[in-house]
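S.K.: So the chains spell out like this:
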Amino acid sequence: MNFDAFVNNLQYMLAGMLGVFMIVGIIMGATYLISHFTARLGGKNTDE
Amino acid sequence: MDKLLSLFDTILAFGENGNWKMIIMWAIGGLLIYLAIKKQMEPTLLLPIGFGCIIMNFPGLLTCAHEIEGEICGGAWKIMEGCCSVCGISGAEFIKYSGAAEPLHTLYNAGIANELFPLLLFIGIGAMIDFGPLLNNPKLMIFGAAAQFGIFFTLCMASLFFTDDVAASISIIGAADGPTSIVVANALLGGTPEASYIGAITVAAYSYMALVPIIQPPVIKLLTTKKERMIRMEYTQKTVSKTTKILFPIIITIIACIFAPGAGSLIGFLMFGNLIRECGVLEALSETAQKVLANLITIFLGITIAFNMTAEQFLSGSTLLILALGLIAFIVDTAGGVLFAKLYNLIMKLLHQPLINPMIGAAGISAFPMSGRIVHKMALKEDPNNFVLMHSIGVNVSGQIASVIAGALILNFFG
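These protein sequence lines map, in sequence, to chains A and B.
Residue 637 is where the first sequence starts when you use my numbering, and the numbers rise one by one after that.
Residue 173 is where the second sequence starts when you use my numbering, and the numbers rise one by one after that.
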């Protein structure tokens, strides 16, 4: 068993999770912004 | 009696020539077909994979390409003797030298080696997904992100036994998303001597997706109390404008391309399918993407995946290890989602805000829409009036996006 590889890859675990949260956070922010602006524009074309 | 003994001797000789590996592969193919038909576990994929597995391990369909003194043998397979009629090599060796069944080889190069089939399938999946519940409550996206923990945990675990590229390809089983697993595994292992692992990784990814109703409930129950599972969540139906639904796939694609370039093609195809669905003027295309395109690609994808399932490549201790690590990825994904939801509740308690049902965190595993439905059913079982479906499906679709992003990050790290 390669314990060195395990330890080395811990950095990817940290970077990976941070990366996923960061990108999802940006998408979340963008989604709030889209909803906010489209609501302000009138919401004529609502389907729900 | 003599004839019976002679038949027995022939069967024995067949096994002695190393052909028992082929017989095991036929049994595995049969098992996959059984699970698909009898248990209805991901039948659209397990059935073609199972049948392809049998074809790939049936040398009678091939001619021997074993090179002897610079010349191709060209012999035929003798079923009763269990060897090549000219050079006498055994079944597993025969398949190894034959270069595999030609039509499957062509399909493999046309659709899997260049990742075309999984990407085309993503158009169909995108056209099937309604992001409405997510757009209604965008904060649900963080649970989709949390449930990707199993991928990175498995990456570390798998690196104990495999090289980094193989470990990264195994870890993506935790994306609980077949096309993403195929794309990542192919990008990292395709054309290398380690390509033999792709078959096992793909089979594990699809098998565990089918087993989500069996894998997730015990993990969720273990990590939550009955009181937590009974937490009710208010669902306020907000108006999501058509413009929002149209802009969402475009903006997500742009963000993914900027921040996770490896996800460009995966997210792009997924969101293209969703744009076809939401634009409102391409109903025929949307219908085609959801049904005809998705079904057609699924047929080709399933049978072609079996290209990497020859006895020589598949039957090894590594395959069992890959299956075990895939299971760990699914379990840790589920646990990660639930524990993050519990952490969220702790913070909300301090802020005197409404709590969420921590089970919805488990739906972030992707495996759309099964995982969302399972959480909903579990909530109903605890309290027949507790409807968390819209929340769990919202987390489930966010898991779909987050798993693709995780796959892209893995490609960025190791690609």
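If you're looking for bench data, these hints aren't it; they were derived computationally from the structure.
A hint or two may mislead.
[Stated by the list, open to error] To be clear about the criterion: a stretch of chain B counts as covered by chain A if any three or more of its residues have a C-beta under 8 angstroms from a C-beta of chain A, and this derived list gives those stretches: (1) 323–334; (2) 423–434.
[Said to hold, decoys possible] Straight-line C-alpha distance at most 20 angstroms; calculated SDA-like pairs for lysine to any residue: (3) B:Lys311 with A:Phe657; (4) B:Lys311 with A:Asn644; (5) B:Lys414 with A:Tyr668; (6) B:Lys311 with A:Met658.
[To be verified] Pulled a few chain B residues facing chain A out of the computed Cβ check, cut under 10 angstroms: (7) Ile240; (8) Gly242; (9) Leu306; (10) Ala339; (11) Ser413; (12) Asn467; (13) Leu468; (14) Ile471; (15) Leu581; (16) Phe585; (17) Gly587.
By construction, the Cβ of each residue, glycine as well, lies at the ideal position given by its N, Cα and C atoms.
S.K.: Which of the listed hints are broken here?
M.R.: Of the numbered hints, 4, 7, 8, 12, 13, 14, 17 do not hold.
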